[in-house]
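K.L.:
Just need the whole structure built from these sequences, with the hints factored in.
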Amino acid sequence: MDDFSFARDILFPVLGIFATSLLAMLAWLGNRLQSKVDSIPIELERINATLHKIEIDLRHELANHDARLSVVETKVQMLRKEQ
Numbered sequence: 070m071d072d073f074s075f076a077r078d079i080l081f082p083v084l085g086i087f088a089t090s091l092l093a094m095l096a097w098l099g100n101r102l103q104s105k106v107d108s109i110p111i112e113l114e115r116i117n118a119t120l121h122k123i124e125i126d127l128r129h130e131l132a133n134h135d136a137r138l139s140v141v142e143t144k145v146q147m148l149r150k151e152q
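So for the sequence shown, our numbering puts the first residue at 70; every next one is plus one.
FYI, nobody ran anything at the bench for these hints, they're computed from the structure. Here a beta-carbon is modelled for each residue, glycine too, at the ideal position from N, C-alpha and C. Don't take each hint at face value.
Derived DEER-like restraints, expressed as beta-carbon distance ranges [said to hold, decoys possible]:
| no. | residue 1 | residue 2 | range |
| --- | --- | --- | --- |
| 1 | Leu113 | Phe75 | 53 to 63 Å |
| 2 | Leu95 | Leu120 | 34 to 44 Å |
| 3 | Arg128 | Asp107 | 32 to 42 Å |
| 4 | Glu151 | Arg128 | 33 to 43 Å |
| 5 | Asp107 | Leu84 | 50 to 60 Å |
| 6 | Thr119 | Ser139 | 27 to 37 Å |
| 7 | Ile123 | Leu148 | 35 to 45 Å |
| 8 | Met147 | Leu127 | 28 to 38 Å |
P.N.:
Here you go:
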């Protein structure tokens, strides 16, 4: 048995299996990565909708605070005029 027959009989098949396994793993990883990248726009739309709802709530709250502040300012002005 010479060195080349060892390489041909054992080493080449082992390297082939290793290379095939590596390619399969890279393909699987690429597929998972692609699916994650494809889901980014959906997640961004969901985040955008949530932020939009928060903005509407904050604007509503600000309007309520502004209305209450106007009432307080009016009462303060009335009290100052009475003095």
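K.L.:
Taking the hints in turn, state whether each one holds.
P.N.:
Here is what the structure says about each hint:
no. : hint                         : verdict
1   : Leu113 to Phe75: 53 to 63 Å  : holds (56 Å)
2   : Leu95 to Leu120: 34 to 44 Å  : holds (37 Å)
3   : Arg128 to Asp107: 32 to 42 Å : holds (33 Å)
4   : Glu151 to Arg128: 33 to 43 Å : holds (35 Å)
5   : Asp107 to Leu84: 50 to 60 Å  : violated (34 Å)
6   : Thr119 to Ser139: 27 to 37 Å : holds (31 Å)
7   : Ile123 to Leu148: 35 to 45 Å : holds (37 Å)
8   : Met147 to Leu127: 28 to 38 Å : holds (30 Å)
In the structure shown, a violation is registered for the earlier hint numbered 5 alone.
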